[in-house]
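Engineer: FYI, this note's numbering numbers position 74 of the sequence shown as 74, with every residue one higher than the one before it.
It should be emphasised that the hints constitute simulated quantities derived from the structure, not laboratory data. Check before you lean on any hint, since a few could be wrong.
[Stated by the list, open to error] Result set (DSS-like, lysine-lysine): computed pairs, CA atoms no more than 27 Å apart in a straight line:
{"#": "1", "residue 1": "K105", "residue 2": "K23"}
{"#": "2", "residue 1": "K105", "residue 2": "K78"}
{"#": "3", "residue 1": "K7", "residue 2": "K23"}
{"#": "4", "residue 1": "K105", "residue 2": "K64"}
{"#": "5", "residue 1": "K35", "residue 2": "K64"}
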Amino acid sequence: MIHTIKKIIPKPLLQIYHFALAKFSAFWFRHPSNKLIVIGVTGTNGKSSTVQFIAQILTELGHKVGYTTTAGFFIAGKGIENKMKMTMPGRFFLQSLIGRMVREKCEYAVIETSSEGIAQF
Numbered sequence: 001m002i003h004t005i006k007k008i009i010p011k012p013l014l015q016i017y018h019f020a021l022a023k024f025s026a027f028w029f030r031h032p033s034n035k036l037i038v039i040g041v042t043g044t045n046g047k048s049s050t051v052q053f054i055a056q057i058l059t060e061l062g063h064k065v066g067y068t069t070t071a072g073f074f075i076a077g078k079g080i081e082n083k084m085k086m087t088m089p090g091r092f093f094l095q096s097l098i099g100r101m102v103r104e105k106c107e108y109a110v111i112e113t114s115s116e117g118i119a120q121f
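Using the sequences and the hints, build the whole thing.
Structural biologist: Okay, structure coming up:
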């Protein structure tokens with residue numbers, strides 16, 4: 001059903017929808033990504049491992065780090081299982097996680113992302 005709807009709706013309208021939803025979710029959570037350094041990791045293979053390597057390096061350098069992967073979410077050393085097993089959990093959930101990172105005084109958010117997620121803002 002979703003694929004049929006996507007074929008009917010003109011691509012520019014879908015882009016406006018994705019952009020508006022991204023902006024609204026950031027607004028709803030008070031733009032948490034503006035309060036720390038966000039590093040996005042995309043590619044075909046090795047995204048989760050790369051995110052974990054970057055987070056480990058930053059942590060060893062003395063920084064508080066939060067990160068998201070397909071396997072789980074980690075905020076200042078505390079793990080949360082990613083029951084969705086999705087690379088990108090959705091705009092509102094992701095903004096909520098970044099907001100939690102900010103509240104836990106993280107300086108960095110390392111986010112596993114997909115090219116589709118980037119295209120959808």
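Engineer: Would you mind marking each hint as holding or not holding in the structure?
Structural biologist: The hints, checked one at a time:
Straight-line distance between C-alpha atoms of K105 and K23 comes to about 23 Å, which keeps the hinted pair within the 27 Å bound. Simply put, K105 and K78 have alpha-carbon atoms about 13 Å apart, close enough for the 27 Å limit, and the pair holds. Of the pairs offered as hints, the one joining K7 and K23 holds, with about 24 Å between alpha carbons and a cut-off of 27 Å not exceeded. Straight-line distance between C-alpha atoms of K105 and K64 comes to about 7 Å, which keeps the hinted pair within the 27 Å bound.
Between K35 and K64 the alpha-carbon distance is near 13 Å, which keeps this suggested pair within the 27 Å criterion.
In summary, the structure agrees with every hint in the numbered list given earlier.
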